[in-house]
Amino acid sequence: MKFPPWRRREEELEEEIQSHLRMAVRDRMQRGESAEEAESAARREFGNVGLIKETTRGMWGFRALETIWQDLGYGARMLLKQPGFTLMAILTLSLGIGANTAIFSVVNTLLLRPPLAAQPEQMAQLDKLAQGIGNHTSFPNYRDLVEGTQSFSALAAFDSGPVNLGQGDAMRRVLGESVTGNYFPAFGVSAALGRTFGTETDHEFGAYPVAVVSHGAWQRRFGADPGLVGKPIMLNGQQFTVIGIMPEGFRGAWPLGIAPEIWTPLTMRKQLKPVADLFGDRGVHWLSVIGRLKPGVSQAQAQAEVSLVTRRLAESYPKENRGHENAKVYPIDKLNEIPMRVIPVFMGLVTVIGGLVLLLACANVANLLLSRAVLRRQEVAIRMALGAGRRRLIRQVLTESLLLALAGGAAGCLLAVCATSLLRLFPPPTPVSMEFNITLDYRVLCFNLVVSLLSGVLFGLAPAWHASKLDLVPMLKDDRRGAGGRAAGFSLRNLLVISQVAVSLVFLICAGLFTRSLRQANNIDPGFETERALTVPLDLESVGYDETRGRLFYRQLLEQVERMPGVQSATLAKFVLSQGEGAGSPDVAVEGYDASGADYPSFRLNVVGPRYFETMGIPLLAGREFNSQDSEGAPLVVIVNETMARRFWQGPQSAMGRRIRLEERGNVLSPYYEVVGVAKDSKYRSLGEETQPFFYVSALQDYRQQMALHVRTVGEPSLLRSALRDRAMALDKDLIVEVATMRENLAASFLPARVAAVVLGLVGLFGLSLALVGIYGVISYAVSQRTGEIGLRMALGAESRDILRLVIGQGLKLTLIGVGAGATLALALSRLLSRLLIGVSAADPVTFLTVPLLLTTVAIFACWIPARRATKVDPMIALRRE
Amino acid sequence: MKARYQNRIELLQGTLDMLILQTLQWGPQHGYGISQAIRTNSNETLQVDTGSLYPALHRLERQKLISSDWKVSENNQRVKVYRLTAAGKKHLAAERSRWERLTEAVEGVLNPARKESEA
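Sequence order for the protein chains is A and B.
No gaps in the numbering here: position 476 of the first sequence is 476 in this note's numbering, and each next residue is one more.
No gaps in the numbering here: position 78 of the second sequence is 78 in this note's numbering, and each next residue is one more.
Certain hints may be false.
[Stated by the list, open to error] Once the Cα atoms are required to be at most 27 Å apart in a straight line, the calculated DSS-like pairs of lysine-lysine come out as:
id : chain 1 : residue 1 : chain 2 : residue 2
1  : B       : K90       : A       : K81
2  : B       : K71       : B       : K90
3  : A       : K270      : A       : K733
4  : A       : K53       : B       : K80
5  : A       : K53       : B       : K64
6  : B       : K64       : B       : K90
7  : B       : K64       : B       : K89
8  : A       : K270      : A       : K231
[Claimed, not checked] Simulated coverage check for chain A against chain B, where a stretch passes if three residues somewhere in it have a Cβ under 8 Å from a Cβ of chain B:
id : region
9  : 17–24
10 : 45–51
Source of the hints: derived by calculation from the structure; they are not laboratory data.
Built from N, CA and C at the ideal position, the CB exists for glycine as well.
Use the sequences and the hints to build the structure in full.
Below is the structure:
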């Protein structure tokens with residue numbers, strides 16, 4: 001098959017005509033004519049071969065195709081003729097399209113890809129089983145659901161939660177699921193390696209210590225060990241045997257790329273998390289339910305059946321099953337829980353930003369094309385004079401734009417691949433393991449193509465419109481200022497460049513502020529010792545302790561930890577400093593100050609144990625620490641910080657012995673707390689916060705289920721990590737124990753700022769490069785417009801220095817207007833970021849001076865290239881053109 | 001320029017198409033053969049302009065009234081041979097009856113009184 005398709009037909013036509021001529025010659029020669037006579041007579045008789053071919057070709061119906069082919073060929077030649085321009089345009093577009101393709105492929109992975117299952121449309125999840133959050137039910141309810149429904153070929157229950165995988169230092173907290181035996185059959189997905197477990201595991205508790213591992217976990221945690229199946233692994237300190245590895249992409253019923261890593265039989269849950277007997281309790285709702293509909297059963301039928309059962313359950317057990325009657329059957333991929341719904345909104349926002357970036361890129365390419373169109377006016381005029389229709393010209397220009405757009409789209413695809421594989425290499429730190437298995441599937445490719453074509457039309461419209469409005473006569477006379485009416489277009493382009501400079505400056509200033517803040521953060525005095533400190537958040541609720549048992553646990557833990565070698569001191573506190581956490585902010589009635597009758601001020605507090613200030617290295621300015629006597633039944637005591645002491649009393653010393661009352665809820669004031677100490681100010685929620693009034697109450701007088709163990713070590717803290725974990729787990733092996741150094745905590749608290757700095761910086765640099773290309777384009781255009789004038793100036797004695805100043809001055813003017821507008825905008829916007837900034841004011845003079853200065857410098861360089869070209873103008877040639 | 005050619009084709013189109021189809025009724029034939037046949041059968045009166053013939057052939061082929069094949073002629077030359085399709089036959093019949101009615105009508109207008117022509 002020849003390409004293009006009409007090529008073969010043209011050859012055939014030629015052959016047909018030649019055979020016609022040969023036959024005519026032969027006939028004539030048979031009639032007695034000489035060879036030459038016959039030849040010329042036959043040709044004369046035949047007529048104009050070219051014309052006949054042309055007319056015949058018209059009969060094929062390829063005309064439109066042929067025109068497009070010609071346009072494509074011509075466009076490609078034109079683009080190749082100016083490789084610099086073409087490269088620039090393709091680069092700009094590839095960034096814009098690539099960013100959007102990358103965003104879309106993330107959206108595609110997180111939101112659009114249904115869970116891996118055979119016939120996912122037959123899968124259903126049960127929601128709103130119980131009142132409140134989550135779609136959970138109890139085990140007895142689940143049994144009744146299974147028995148009372150016929151619509152499902154499998155109705156499976158599962159419980160998701162963190163489990164500790166491995167032992168010692170290699171222990172990791174991963175998302176695991178305890179599932180009923182029909183869980184895997186419900187999905188219809190079998191193991192990629194080994195096997196899954198089935199309903200045999202449902203019959204006996206504790207008899208099947210087996211585990212199925214996700215593909216991601218197999219690769220990340222076990223180094224893709226091909227012999228993993230059959231090996232033992234430790235889960236929450238219990239030995240399980242790996243029996244299978246799931247195929248890539250299997251993530252149970254989880255949306256958004258969240259991927260459990262371990263599946264164990266539900267009947268093994270007591271071994272995994274030996275708390276209370278959840279299986280017998282109808283009132284504890286902890287199981288999620290999914291099912292596979294029997295073939296031919298509609299969702300509505302299943303819904304009717306489920307409603308019948310749940311209504312009965314709600315009637316029979318009104319106390320345990322409040323709200324059960326509202327149960328809903330949903331497709332498996334619907335997002336139900338509110339935190340999950342936030343993510344689509346967030347992705348929508350990111351998509352909008354991506355769209356804006358693409359618009360900027362399109363505007364820029366349009367700008368480039370416009371300045372090039374000026375240079376091509378003569379060529380276009382000649383084509384028009386030779387009879388090319390306006391429509392054909394517009395089509396030609398649009399074809400070129402589309403070619404550019406497609407090239408940019410292809411390059412953008414490559415960029416997106418790079419970006420997403422980077423994301424794969426450096427996954428964002430999320431509390432549960434997520435599988436960012438971002439691949440470019442057909443949906444992403446279609447998206448890329450559509451976006452490319454749309455942007456091609458978008459940025460191609462301006463030059464096409466321009467091409468259709470040419471006035472022939474001045475063009476052909478080589479009047480470079482001809483075809484007037486450009487002033488409006490020019491100022492539009494100026495405006496475009498100014499706004500590009502402004503927007504990129506805003507991004508860059510914000511990025512600069514974050515970078516500065518990160519550097520400043522290291523110099524901030526947090527008010528507490530950050531070295532040689534370990535923290536261990538503990539959640540006694542998850543192991544089902546009551547207050548008596550909890551108090552006992554805390555006491556034993558502290559006693560044991562304080563005796564450990566290498567430990568200087570240990571204490572408990574409700575929250576770890578600088579992690580954005582808190583312990584509430586009750587209203588505070590200060591004795592002698594509430595006379596005003598206004599609402600009480602509310603202050604934040606922490607609940608801390610004995611030796612807290614010693615352990616944290618926070619100096620006490622007056623009074624004493626909490627001790628073991630500040631316990632239940634003893635007089636209530638409080639320690640305030642310096643700022644609070646100064647706000648209500650004259651200072652630390654005079655604050656001693658003063659009294660406050662707290663109002664937690666319902667306008668009920670607590671008994672009096674007496675100030676027994678004043679602590680130095682420190683940072684509480686974040687390093688960036690302003691100094692604020694703050695107070696502490698005794699942990700022994702205010703029991704909390706979640707406390708964090710704080711340990712000050714003698715030497716390197718990370719050496720105590722595993723010993724500390726073992727000690728805590730020896731007290732209760734079901735407790736999830738994660739030991740972190742204070743330094744790690746601080747680094748984690750900088751993460752948002754760090755991510756913001758990188759993202760804003762990248763967007764800013766992209767905007768800046770667009771703006772530079774824009775400035776370059778505008779100045780190049782101006783230079784080409786002013787060739788005559790420049791020539792005249794040079795003829796009159798202007799030096800190239802003067803010309804440089806003239807041209808660069810023009811670019812500088814645009815840049816400075818943009819910088820002014822951008823700086824003003826940034827000043828207004830950066831105030832919104834001030835809460836994230838640490839140690840840097842939102843109007844940081846260093847940032848606000850250096851970034852615009854840098855930007856202006858680069859902009860001058862962008863002007864310098866066309867300016868230098870202007871100095872190369874030969875006055876004689878330029879003047880002659882005038 | 002293009003427009004003028006199209007006019008000329010249109011002028012001849014109906015008649016030429018019919019003559020081509022009629023010629024092919026006697027058997028497959030190549031372009032040169034068709035022009036010669038029309039010329040001979042019209043006693044050299046009708047000179048078929050190749051500038052009309054080939055566009056007409058290619059158009060008829062596209063309309064599927066005729067089809068084409070490459071054959072090797074008796075002189076060992078590759079020639080493109082056209083043949084009438086079923087649709088072409090039907091079309092020819094319709095065209096012929098239309099033509100006969102037309103000539104009858106024109107005859108009637110030109111010679112209202114006499115039935116015999118002067119020739």
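Next item on the list: Check, residue by residue, whether the region 17–24 of chain A contains three or more positions whose beta-carbon lies closer than 8 Å to a beta-carbon of chain B, and give the verdict.
Entry: That given contact holds, which follows from 6 residues of the region 17–24 of chain A lying within Cβ reach (below 8 Å) of chain B.
Checklist line | Check of the region 45–51 of chain A against chain B for coverage (Cβ-Cβ below 8 Å, three residues minimum) | finding: This one holds; 5 residues, not fewer than the three required, reach chain B with a Cβ under 8 Å.
Check: Taking 27 Å as the top limit, are the C-alpha atoms of A/K270 and A/K231 close enough?
Finding: Holds. A/K270 to A/K231 sits at ~22 Å (cutoff 27 Å).
Note to self: Can you confirm whether the C-alpha distance between A/K53 and B/K80 stays at or below 27 Å?
What the structure shows: Given that 27 Å is the threshold and the Cα spacing comes to 15 Å, the pair holds.
Note to self: Run the distance test for B/K64 versus B/K90: straight-line Cα separation, threshold 27 Å.
What the structure shows: Holds. B/K64 to B/K90 sits at ~12 Å (cutoff 27 Å).
Check: Is the straight-line distance between the alpha-carbon of B/K64 and that of B/K89 27 Å or less?
Finding: holds (11 Å)
Next item on the list: Verify the proposed pairing of B/K90 with A/K81, using a straight-line Cα cut of 27 Å.
Entry: violated (55 Å)
Checklist line | Given hint B/K64 paired with A/K53 - CA-CA distance at most 27 Å | finding: holds (20 Å)
Notebook entry, point to check: Can the restraint linking A/K270 and A/K733 be considered satisfied, given a maximum Cα separation of 27 Å?
Noted result: holds (13 Å)
Checklist line | Satisfaction of hint between B/K90 and B/K71, Cα-Cα up to 27 Å | finding: Answer holds: B/K71 to B/K90 is near 25 Å, not above 27 Å.
Going down the numbered hints, you'll see the structure goes against just number 1.
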